[in-house]
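Asker: Residue numbers (the numbering used here), protein chains in the order written: chain H, -6 to 134; chain Z, -6 to 134; chain D, -6 to 134; chain U, -6 to 134.
Among these hints, one or two may not hold up.
Stated by the list, open to error - With a straight-line cut-off of 35 Å between C-alpha atoms, the simulated DSBU-like cross-links for lysine-lysine are: (1) Z:Lys12 to H:Lys12; (2) Z:Lys95 to U:Lys12; (3) U:Lys12 to H:Lys125; (4) Z:Lys12 to D:Lys12; (5) U:Lys95 to D:Lys79; (6) H:Lys(-5) to H:Lys123; (7) Z:Lys12 to U:Lys94; (8) Z:Lys125 to H:Lys12; (9) H:Lys12 to U:Lys82; (10) H:Lys12 to D:Lys123; (11) H:Lys123 to Z:Lys125; (12) Z:Lys82 to D:Lys82; (13) U:Lys94 to D:Lys82.
Calculated from the structure, these hints are not laboratory results.
All figures in this text were calculated on a predicted structure; none of them were measured in a lab.
Number of protein chains: 4
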Amino acid sequence: MKSFSVRFRVSWVETDAAKVVHFSNYFRYFERAEEEFYNSLGMDFQSFSSYDIWFPRIEAFCRYLSPCRFNDLIEVTLWIDEIREKSIKYHFTINNLTSGKKAAEGHVVIVSANIREGQAVPLPREMVEKIKTFCNMNTGD
Amino acid sequence: MKSFSVRFRVSWVETDAAKVVHFSNYFRYFERAEEEFYNSLGMDFQSFSSYDIWFPRIEAFCRYLSPCRFNDLIEVTLWIDEIREKSIKYHFTINNLTSGKKAAEGHVVIVSANIREGQAVPLPREMVEKIKTFCNMNTGD
Amino acid sequence: MKSFSVRFRVSWVETDAAKVVHFSNYFRYFERAEEEFYNSLGMDFQSFSSYDIWFPRIEAFCRYLSPCRFNDLIEVTLWIDEIREKSIKYHFTINNLTSGKKAAEGHVVIVSANIREGQAVPLPREMVEKIKTFCNMNTGD
Amino acid sequence: MKSFSVRFRVSWVETDAAKVVHFSNYFRYFERAEEEFYNSLGMDFQSFSSYDIWFPRIEAFCRYLSPCRFNDLIEVTLWIDEIREKSIKYHFTINNLTSGKKAAEGHVVIVSANIREGQAVPLPREMVEKIKTFCNMNTGD
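Bound-form chain H, shown alone (with noise of 0.2 Å):
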């Protein structure tokens, strides 16, 4: 199946004193890497926005396998695990490219939402539009 990833160096503010990442770190990193799947598509947020559409999240878990250090190069990974009319699932790996481990796994799930109302809402037509191009030019993969 088609996946999107990001690199980048854990920063020292991430740490904690037990020098490693803290925990609830993991899932900022889950959403960086969507935001840069976002952009990677041309996702527009300037339109979603002037529409009132933000994605809050329902449901967000994470399994933690070996520590993140400070400047470990790590390298997260989404997939679409399911996409509904109102909702996205999406599934992360997190692989720690200096320790050569696997650092993390979990999943998000993601509503499309009036940010006024606070009501779920269908999933803007251009980002379904997006999301699928994306996934069916990975149907090669």
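Given the structure of chain H, go ahead and fit chains Z, D and U onto it with the hints provided.
Answerer: Below, chains Z, D and U without anything else, positioned relative to chain H:
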């Protein structure tokens, strides 16, 4: 079953551009409740630290039910789901006392580990005793 | 001069791999004291928000004197250095009650701004009155 | 004078309920530029760590000029203001390439310290040499 609760207000920095608490911060709220729970038991973090013991998370999950906003008063409640030789599973709920709604629920599994070796070790006896005393106190509840 | 203080414990997530509070978090401690100060005055954030008023910072400074560690009890104290038509300068000190040392001192300048226009506007009258009453209360101190 | 720049996008988690980057995060942007600067020089954090050397901040200042919003492309530029036996003063500017405006400027003073003793020590020779070479490279600029 016996539970432990803490209350605090949502800080501005914990919100995001949707004017609600960022999803990753709920895990930090869980952890803050856990820290205050340990303090309430009189646990001696200094002695754990001197033995190089620390409590990494191996699993974290949250389901988001209703948003929390700046300055909302929230209550985080913790239950001990399971205590094993080397790990504890905590269950959490977050109630938004300002909106009157349940905001989130989730769980976290922590292990006792040696900070140098990174290996799981039995939970400190002092910690197990204090937690079991806490749980027994609740038998009448 | 009249001051306002809050106490709280250092959370694990606020530390970094040097086992001390990350320098950026002192600014969050300053802000938390400011938030609790406003709450102590009975300020109505909802009404400000409904007028699209908010208080961005135009300047922030901190001098670090002594580290804070996990679970240290700290006290953040706030003074009003200067109150002008559209801005307030707050001075802060952080005392580490666990180590018995002064941890940091600094200042922050906030302005009153319209959230849509991004323009500075006069401080809300209610806010100025409450703060002046607070300052006058202290004349006998 | 020779400068070093990095570019990255504003993440959602870095924004607050005013839909702009929270003021404390600018200090994290400064630090991220500093980290990438050290990596660009080929500095060996592992060896510093093995000598228990680390670089706490003793002073941090930021003036905020124009807001940064979600997904804005920003450029953080660093200059060496002063290098002394045990400390370095870095000057920073943040340009918002999306809005075309200067977003912030500030400075940070770091010291070289022994992580166990908490005492200032001379900057590692390797670090001083690499930074001086970097500064000299710029003499022709």
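Asker: Against each hint, give a clear statement of whether it holds in the structure.
Answerer: Consistency of the hints with the structure:
no.	hint	verdict
1	Z:Lys12 to H:Lys12	holds, 32 Å
2	Z:Lys95 to U:Lys12	holds, 25 Å
3	U:Lys12 to H:Lys125	holds, 30 Å
4	Z:Lys12 to D:Lys12	holds, 32 Å
5	U:Lys95 to D:Lys79	holds, 22 Å
6	H:Lys(-5) to H:Lys123	holds, 13 Å
7	Z:Lys12 to U:Lys94	holds, 25 Å
8	Z:Lys125 to H:Lys12	holds, 30 Å
9	H:Lys12 to U:Lys82	holds, 26 Å
10	H:Lys12 to D:Lys123	violated, 44 Å
11	H:Lys123 to Z:Lys125	violated, 53 Å
12	Z:Lys82 to D:Lys82	violated, 46 Å
13	U:Lys94 to D:Lys82	holds, 25 Å
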